[in-house]
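When you get a sec, could you build the whole thing from the sequences and use the hints?
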Amino acid sequence: MKQSLLIGSKIRRLRKQAKLSQVALAKQLEVSPSYLNLIEHNQRALTRPLLLKLGQVLQIEPHVLSGGEEGRLLSNLTEIFADPLFKGETLGTDALTRLVGAAPEVAASISSLYQAYRKARSDAMNLSEHLADNPFLEATSHRLLTLLTSIRSFSEILRDNADLSADRRRQYIGTVASESEKMTDLVNVLFGFFSADSIGRQQRGESPMVAVDEYLEANGNYFSELEDVAQAVRRDLPWGDSHLGGAGLGSGLADRLSKNHGITIEILAGSGAGPALQSGSGADASEGKATVIFDESSKCLRLSEILPQSSRTFAIAHRVALAAASPEIDAMAARAEFGSPAAEDLLRTALGKYLAAAIIMPYGEFQSAARDLRNDIDILRRRFAVSFEQACHRLTTLQRPGAEGVPFHFLRVDIAGNIAKRLGVSGLRVPRFGGICPRWNAHRAFTNPGQIDTQLARFPDGGTFIFLARAQSRQVYGHRAPRRHYAVTIGCDASFARNLVYADSFGAPSENMIAPVGLNCPQCTRRDCTDRAFPTFLD
Amino acid sequence: MSRKILVVEDEPNIVDSLSFLMKRAGFEVLIARDGDTAIRMMQSRPADLVLLDVMLPRRDGFEVCREIRANPDWKSVRIIMLTARGRDLDRRKGLQLGADDYVTKPFSTHDIIARVQKLLGPEDG
Chain G
1 MKQSLLIGSK IRRLRKQAKL SQVALAKQLE VSPSYLNLIE HNQRALTRPL
51 LLKLGQVLQI EPHVLSGGEE GRLLSNLTEI FADPLFKGET LGTDALTRLV
101 GAAPEVAASI SSLYQAYRKA RSDAMNLSEH LADNPFLEAT SHRLLTLLTS
151 IRSFSEILRD NADLSADRRR QYIGTVASES EKMTDLVNVL FGFFSADSIG
201 RQQRGESPMV AVDEYLEANG NYFSELEDVA QAVRRDLPWG DSHLGGAGLG
251 SGLADRLSKN HGITIEILAG SGAGPALQSG SGADASEGKA TVIFDESSKC
301 LRLSEILPQS SRTFAIAHRV ALAAASPEID AMAARAEFGS PAAEDLLRTA
351 LGKYLAAAII MPYGEFQSAA RDLRNDIDIL RRRFAVSFEQ ACHRLTTLQR
401 PGAEGVPFHF LRVDIAGNIA KRLGVSGLRV PRFGGICPRW NAHRAFTNPG
451 QIDTQLARFP DGGTFIFLAR AQSRQVYGHR APRRHYAVTI GCDASFARNL
501 VYADSFGAPS ENMIAPVGLN CPQCTRRDCT DRAFPTFLD
Chain C
1001 MSRKILVVED EPNIVDSLSF LMKRAGFEVL IARDGDTAIR MMQSRPADLV
1051 LLDVMLPRRD GFEVCREIRA NPDWKSVRII MLTARGRDLD RRKGLQLGAD
1101 DYVTKPFSTH DIIARVQKLL GPEDG
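Chains as they are written, first to last, in our numbering: chain G, 1 to 539; chain C, 1001 to 1125.
Since the hints were derived computationally from the structure, they do not count as laboratory data.
Don't be surprised by glycine CBs; every beta carbon is placed ideally from N, CA and C.
Misleading hints may appear alongside valid ones.
Simulated crosslink set (DSS-like; lysine-lysine; CA at most 27 angstroms straight-line) [as the list claims (entries may be wrong)]: (1) Lys-53(G) - Lys-27(G); (2) Lys-1093(C) - Lys-87(G); (3) Lys-1023(C) - Lys-87(G); (4) Lys-1004(C) - Lys-1023(C); (5) Lys-1118(C) - Lys-87(G); (6) Lys-1075(C) - Lys-1023(C); (7) Lys-299(G) - Lys-353(G).
To list a few chain G residues with every Cβ distance to chain C over 10 angstroms, as calculated [claimed, not checked]: (8) Glu-40; (9) Ser-75; (10) Thr-78; (11) Arg-118; (12) Lys-259; (13) Ser-298; (14) Glu-305; (15) Pro-341; (16) Arg-348; (17) Ala-385; (18) Ile-415; (19) Ala-420; (20) Lys-421; (21) Ala-508; (22) Thr-536.
Below, the structure is given as structure tokens:
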């Protein structure tokens, strides 16, 4: 019945397209014009012989007239208008049938718009749930609602106003089409928002930190030109390039600063002076006071007495790095083409610190020691008189072609689970936003500060990593000062197990020694996980 | 004389659809694309009812609503706020500032006409 109702309108439309009058078509069909008129108004059923004849006369396949396509449209529309979105508007089968019959292209548009709306709505709901304060999403959802509002209004106007002029009808259908095209683009943008690459690109403009992270990762966090400078600096030291860490190295570097660059060093009593300086001091700042200050006018490097020896040496090496290689570092930052002065500054700082670490832990010696000690960080840090974090950081840079170390990633995670620093080439995709999986040992490490926690972690895609995590407190000055707690964690693909002294405890691991982990709840498919705190986006 | 509706909305397509709907329902339609213009138009040709979007350039819908309600000459003017679905706070804020009603985007055309007609009552009182 529904189909025959649709056929009348369709014949009428096709006849008009063929520029035939009712009389002319009736003549060719060998029926009376009044009979054809009744068929066109669904007052008479179309017999099969007449259907075949119509196909011949209008030069269309008989199945086009069977109404199957319209039937599908009609059932789609029936479902659509049952949505609570259209609550209170009882649109009966008759009205919908008339719409499908008279303007199937509008019905098809409404149907595809509704699909887009459903998709967009569920995306918008997910996004607003999990990223409620994200300005991009706020703007996008406002734009989506605006597009939906005009699409819905014009669809309803088209549906309810049969007497619209042809021009106006064309104009409104055009608006619906162009607005739905914009909505499709917007929905695609929303989908793209979830891909890590895209998030990286979107953030590049906003977050200098992300831009610098990506640059370091793209270069495997290894910079041969800086390693060459570091080697030259070491060779210039009084004892040549044989290693001598700790205070000895610090005083050698201090001599160099004084002789080559006219820079003196002062140790300050107290927790530092003045506001934190941008360069070389931010990370060591305590309560807004800089622990490392370089006074450009007096060429004096002032170090707070609260800095442990490893940090003092590092600060001096950093100043040597900047004095020795500023032009090289500036050129590298310019070549990165960030288009953002803030990102360039940050990269300059990162490269300066890279060079400082390379001076303190020369590539050749550190890489061979790491290899021979199977990356035993406790021995490495003592041998080179560096902190645990400095040693871990340097391990991530051992990617010289032909003399590679284990490809490690590095993370600094605060006690609330925020990632404060990420680096690495292990192949692990670290989430950019939000926290990380509660099953990572970075969290567990806080229960046993100062100890290295080891974990064999398997991701839903089968990737298995070895994680080492150690919780520590930021050096503070005095008993009353608040302590900052964080975990330093490094890790590598489990296939490098034999290169890690820490993996010995795993032996030949049985399945129950492998922790099933994810990146974070929204990006994890372990639906039955007992640690799940948020629903997954991946449905 | 037909009653006047001031549509305050910055999105051209929504302006088009609202003015079509209101004209079809027998109203005279005035259009303002930002909050400042809305107030200026009210001063020169006061409308009987204002369809007022929340997010507007320059002065937002809340400010316009507040200003209309602060002027005793416009005491009888009806205000319907157009708020975004899911922003309940906007709705409550609008009503608090003296709006008579609200519709959420994407609105139903039947619904918006019905609300306008209900607020304005039958034509000749």
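For this structure, which hints from the list above don't hold up? Hint check: nothing fails, all pass.
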